[in-house]
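Residue numbers (our numbering), protein chains in the order written: chain A, 1 to 326; chain B, 1 to 326; chain C, 1 to 326; chain D, 1 to 326.
Simulated from the structure, these hints should not be mistaken for lab results. Everything numeric in this text was worked out from a predicted model, so none of it was measured. The C-beta atom is built at its ideal place from N, Cα and C for all residues, glycine as well. Be careful, since some hints might not be right.
Unchecked claim - Capping the alpha-carbon separation at 35 Å, the derived lysine-lysine pairs in DSBU-like fashion look like this:
no., chain 1, residue 1, chain 2, residue 2
1, C, K161, D, K161
2, B, K315, C, K161
3, A, K258, B, K139
4, A, K37, D, K315
5, A, K315, D, K315
6, A, K324, C, K161
7, B, K324, C, K315
8, B, K161, A, K258
9, D, K161, A, K324
10, B, K139, B, K161
11, D, K161, C, K258
12, B, K161, A, K109
13, B, K161, D, K315
14, B, K161, C, K315
15, A, K161, C, K315
16, B, K161, A, K161
17, C, K324, B, K324
18, C, K315, D, K315
19, C, K161, D, K258
20, D, K161, A, K315
Claimed, not checked - Simulated restraints on C-beta separations:
no., chain 1, residue 1, chain 2, residue 2, range
21, C, A140, D, H320, 43 to 53 Å
22, B, R111, D, K56, 27 to 37 Å
23, D, I159, C, E34, 31 to 41 Å
24, D, R21, C, A140, 48 to 58 Å
25, B, P163, D, P219, 38 to 48 Å
26, B, A75, A, P170, 51 to 61 Å
27, A, D110, B, K324, 40 to 50 Å
28, C, S112, A, D110, 47 to 57 Å
There are 4 protein chains.
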Amino acid sequence: MQLGMIGLGRMGGNIVRRLLRDGHTAVVFDQNPEAVKALVEAGAVGADSLEDFVSKLDVPRAAWVMLPAGAITEATVKALSGLMQADDVIIDGGNSFYGDDVRRAGELKDRSIHYVDVGTSGGVWGLERGYCMMIGGDKAAVDRLDPVFATLAPGIGDIPKTPGRDGRDPRAEQGYIHAGPSGAGHFVKMIHNGIEYGLMQAYAEGFDILKHADSEALPPERRFDLNLGDIAEVWRRGSVVSSWLLDLTASALATDEKLEDYSGYVEDSGEGRWTINAAIEESVPATVLSNALYRRFRSREDASYADKMLSAMRKGFGGHQEPKKS
Amino acid sequence: MQLGMIGLGRMGGNIVRRLLRDGHTAVVFDQNPEAVKALVEAGAVGADSLEDFVSKLDVPRAAWVMLPAGAITEATVKALSGLMQADDVIIDGGNSFYGDDVRRAGELKDRSIHYVDVGTSGGVWGLERGYCMMIGGDKAAVDRLDPVFATLAPGIGDIPKTPGRDGRDPRAEQGYIHAGPSGAGHFVKMIHNGIEYGLMQAYAEGFDILKHADSEALPPERRFDLNLGDIAEVWRRGSVVSSWLLDLTASALATDEKLEDYSGYVEDSGEGRWTINAAIEESVPATVLSNALYRRFRSREDASYADKMLSAMRKGFGGHQEPKKS
Amino acid sequence: MQLGMIGLGRMGGNIVRRLLRDGHTAVVFDQNPEAVKALVEAGAVGADSLEDFVSKLDVPRAAWVMLPAGAITEATVKALSGLMQADDVIIDGGNSFYGDDVRRAGELKDRSIHYVDVGTSGGVWGLERGYCMMIGGDKAAVDRLDPVFATLAPGIGDIPKTPGRDGRDPRAEQGYIHAGPSGAGHFVKMIHNGIEYGLMQAYAEGFDILKHADSEALPPERRFDLNLGDIAEVWRRGSVVSSWLLDLTASALATDEKLEDYSGYVEDSGEGRWTINAAIEESVPATVLSNALYRRFRSREDASYADKMLSAMRKGFGGHQEPKKS
Amino acid sequence: MQLGMIGLGRMGGNIVRRLLRDGHTAVVFDQNPEAVKALVEAGAVGADSLEDFVSKLDVPRAAWVMLPAGAITEATVKALSGLMQADDVIIDGGNSFYGDDVRRAGELKDRSIHYVDVGTSGGVWGLERGYCMMIGGDKAAVDRLDPVFATLAPGIGDIPKTPGRDGRDPRAEQGYIHAGPSGAGHFVKMIHNGIEYGLMQAYAEGFDILKHADSEALPPERRFDLNLGDIAEVWRRGSVVSSWLLDLTASALATDEKLEDYSGYVEDSGEGRWTINAAIEESVPATVLSNALYRRFRSREDASYADKMLSAMRKGFGGHQEPKKS
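Can you build the whole structure from these sequences, using the hints too?
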C-alpha cells in the first residue's frame, strides 16, 4: 500500500526503505531536500512542501510523521491535519508523550481524522532486524494500516514460539501489537524504555562490581583480575541473564574492555521520566526503574550540591574534613 | 573422560546424563540409592559409599560435588578430600560462597589436591540447552577437565558471533570460561545472580505499571486496559528489552495473565545478598541490585514494623489515623 | 489586624484561635454552622455565607482559605475572588500544588487581587507551638500580612541562635519566611514534606533492623533482644539523630513498643509525589526521597503483581516453587 | 570513681576532662607523650607505658580504650588484657564492629575479665553537651561503671519528658542505656549511624531540589530563586523536620550558601556498611539506608565504569553518542 512519510532521518528513512523493498510505495517529505532526494533514488515519490506531500497521497491518506517528539511533531501534526480530510490517518511514529496522543486524537476526532500512535523499538537495527511496534488508535485505522505494519515488523524469525499462545492475537508474534486506543502505543513504548533503563543499570552495576574485584580494599586472597569481555560473552550462552543488551555489552567489551571511549556522562530521553510519573500516578512502587533514572542524572553531575551538604553536616557534628576530590 | 559425581539431584543428575550422551563415563554417588540406580540405568557406574566412590575413580581423580551450598557441601568436601590424594581434583559445582572456595582451596593446596569451583547457570534447562559455566581454579586442573566442560557447555549454537573477539579465549563462545583462581568461578556466578535479580525486578516493575494503567486514580481518557501477554510477546521481537527472562515472562503470561498461581512471596538464594556484601566491600554503588533484593525481602512481610512506625509518627505529628489494611 | 478565615477545621480553627489570643480580630466562615459557632464563642465574627463573609471584611480585605487542596480550594478561591476587588488579598494556607498557585496568581493579577500561598508545618501542635510558615506572593501583600504571620509563627523560643545569621532576614528566626513569588511558599512546603518522608523512612528502617536483631537467622551469640523504647529515648539526648520526629517515635514506643495499634498501611499526601515530579523535572537524583515514597505505596499492597511476576520467572528458569504467604 | 583511659585524641581527651570536672579521677596513657602531658595538667595521672598504666589503676581496674576501630584497638585490648586480672573491666569506647566485641568478650570471659562496649554519639560536641552512650556488657560491670556513665551523659537537660515512660529505666532519659550483653552497645550505635546517613541524605536531596528550583529546564513562571539559608532556619522552628542535623545545616548555610568549601567527596565510616550487612542478614529491607550509603560511594567517583557501560549500550542499540562531560 501507499504510505506518506514526513521526516527522513535515520528512523524515517529506513522505515521507507524497508517498505519499498517489500513492494509498498511511498511519498516522502523532509525539510532537507537532500534527504528527499536520497529516498527518491531508492524509489519513493518526493514532495517539496507539505501541500505537495498531501496532494500526492491517495485518499484516504496515510501520513506517518517521524520527527523529534515535542514542538516539532506538534506543529507538524497540526499543519498536516489542516490539509487533510475525513477518514485520512495521521501516524505519529516518534517518541511522543502518550498524553499528547490522547489530546491530539480527541481534537482530530471532531474532524473524523484518525490518529494512530506507534511506539517503535529497534533503533539503528530496524532496517535489518525489523521494528518492534506498539500501536494505539481506533481499530478501523490500525487494521487499514496492517500491510505497512506487517512489512515493518521483524516477523516470527527463528525465535522459538511461546507455548500456550494458541488463539491469541497472531500479530504479537510478528512483532507488532494493537495495544489499545490512541495513546496506548506510546504508553507501552514508554514503559518499554523504563524497563530498558532498569535492565541496563542492572548489567552496569554487576560489571562494576566485577571490575572492582581487584580492589585493594579486599584481602589479597579474595582479589580477582577478571576478564569482563569473556564474562559478557559466556553469559550469552545458556545463562539466565542472556539478552540483546548483553549481546551489545559483549560487543563493546570485545574491543574496549576499559570503555575508554566513554566519559561516563549518560543522557536520558523523556520516556524514563514519564515512566516514573506514570508509576507515581498509579501508586506503583517503581523502585528499580526510578533508581536507574537517578543514576543517569547523577552521572552528569561533577560535584553535587547534595554531596557537599553531607560534608557540611559531617564537619558540623564531627569536625570531619573531607579530602579533596582527585 | 571419566568424572565422578556426588549429589544426583536435578542438576547433578542432568550433568551426568549430558556427559554420558557425549561419550564420557561417570561414577556416581548419592545418599539416596534410587538416585544412583536411575543413573546406573542411564549408563553410569554406581557407588554405595564415599569410599566406594573414590575407589572406583581412575587416578588422578576428578570428583564433582553437586550439593546444596553450606554445611552439606562443606562436610562432603572435607570427607572426600580425606580419601583423595595429590593431583586429584575436587570440583564444587554448587552455589557456594566464593570465600569458602578460597579457604578450601588453600587448605587442600597443602596436600596438592586441586580445588575447582564451577558456577553454573541454566537451571532446569541445562540438560537440553547446556550449562553456562564460570570456572575458578588453577590452570592445570581446569585444563585437564576441559573435555567435561566442553560437553556440558551449550556450544556456539546459532547465536551470532560477537564482532571483535578474534584472538580472544574461544571457550567463552562455547559457553564456559576459566575466570581465575579458586573462588573466581563462584564470584562471577554470584554477580550473575545479582544482575538476574535486577533484571527481573525491572521487568516486574514495568509490567506492574502496565497492569495498573487502568487505575481509577487516572483520568478516564488516560486509562488503558492492556493485554500484558501480547506486550511481553511483541517485545521478544526486535525490541531493546528482548531476553531469555522476557521469553519466560511471555510464557507465563500466555496462560495466566493475572498470575493467580503465585502468592507474591518471593524467595532469594544467597547470591543476591553476597553480591551486595561484595559491592559494599568494594565501595561500588549497587543501587538497583540492592533495591531488587530488598523488594524480595519486603514481599515476604505482611505488616512491616517499619511501616507501622511511619504510621505512629504520622499520628504523632498530624493526628493522622491510617485506614486498616483490607 | 483583621483576618478572614474560610474553613474552620482543626488547622483553620486553631489559626483563628491563636490570632484572637494575640489581639487580632477574625471573620470566619465554614459550611458547617457549628464550626462557625464555636469560633464566635471564642471571639470571632461569624458569617453565614461567602457574601456575608466578604461584606464583613474591612477593605483592603485579607481572606485566608484553609480547605483541602484540590477541587474544593479551587472552587472556593474562584467564588471568593468573584466577590473581591483590587488590592484585596486571598491567602491559600492549605496544601495546594504550587503549580496551581502560579496559575491562580496569574489569573488574579489581571484584577489586581493579590494571591498569597502559605505552606504551614506544625499540624496538630500549631496552636501551642506555633506554625512554621513558608510564604509565596508579592512583597506588598506579604508585608501587609506581617502582623498575622508574626503571631502565628512559633517565635524564637529557646532554640539556640544559628551563628553567622547577622544581617539576614530576621523573620526566619521567628519561624516564617517570604520564600518568593506566588507558588514559592507551597513549593518549599512540598519539599519539606518530601524530606519528612525520607527522615521518617530512615528511622523506620533503623528501628526495623533493631527490632529484628533477635532474628533466628543470626548466630545465637549475635542475637540481641533490644528495648526499642529506651533506644529512642536515649538518642534524644546528645546524639546526632535527635529530632522532633524521634521525640514522637520515643513517645509512641513508650506505650506501645510493638506498635500493635497500627496495621502497616501508610497513606501519603500529595506532596511526596510532587516532590519527586519536581526532582525529575530538574534532573535531581532524589534517590532516598523516592524510595521513601515507594515504601509507602508498597505498604498498601498485599500481594503485589510485580512480586508474582518474579515468582513466575523463577519457576520458569529454575523450577522454583515459592511457599504460600502465611 | 577512678577510670583509666588509653587513647587521648579528641574523644578520649574530652571524656577524661568531663570526668575530672565532675570529681572523678583518671589514669591516662597515649603513644604521644604530649597528649599525656596535656591531661596531666588538667589533673589526670599520667602513665608512660601500658604496664605503668595498669599498675596505677586501683583494683578492680576499669580501663577505657578510645582508639581507632580495627587493628589498633584489637592489639591494645589484647595487650591490656594480658596485664589485667579477674574482675577487671576493659571498655571499648571506639567504633568497633559489634561482632568483634562479641568475640573479645567471649575470649576474656574465660579469664573472668569483663568487656564493656560503649557506642558514643556526640562527636566534637560531647565535652560540652555530654555523650549519648549505648552500652553492652554484663550487668555487674555496667552497674559498677555507672558513676562514670552518669557524668559523661548529657543528663535530662531541658528536653521535654516523653510521656508514658514512668517505670521505665531512668538512665535512658539521662542519655545512656545498658542495651544488652557485650556487642549490643556497638550494635545500637551502628544502627544509629545507619539512620544518620539516611537522615542526612534526605535533607541533602531536599535542599538539592530547592537549589535547582531555578533550573532552566523549568518553565519561567515556575522557577524560584530560593534562599536556602533562610529555609533551613525557618524549618528549625515548629516544623516536622526540625532536628540537630538541620541546626547544623542552617549553620553551614548561614555563612556559605553555595557550600563552596566542599568538593562533593563524602567519606563514610564503617557503621553505615555494617548496618546494611546486618539488615541483609536479618532480611530487613533497608532501602533508604542503603541508598544513602551508595550515594556516598558514588560521590567519590569521577567517571563511573557503570555509567560508561550505559553509554556503550546506548551507542550499541541507538547509535547515541554521549556528550563529553564538562
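**Prompt:** Can you give the numbers of the hints that this structure goes against, from lowest to highest?
**Reply:** 5, 9, 12, 22 and 28
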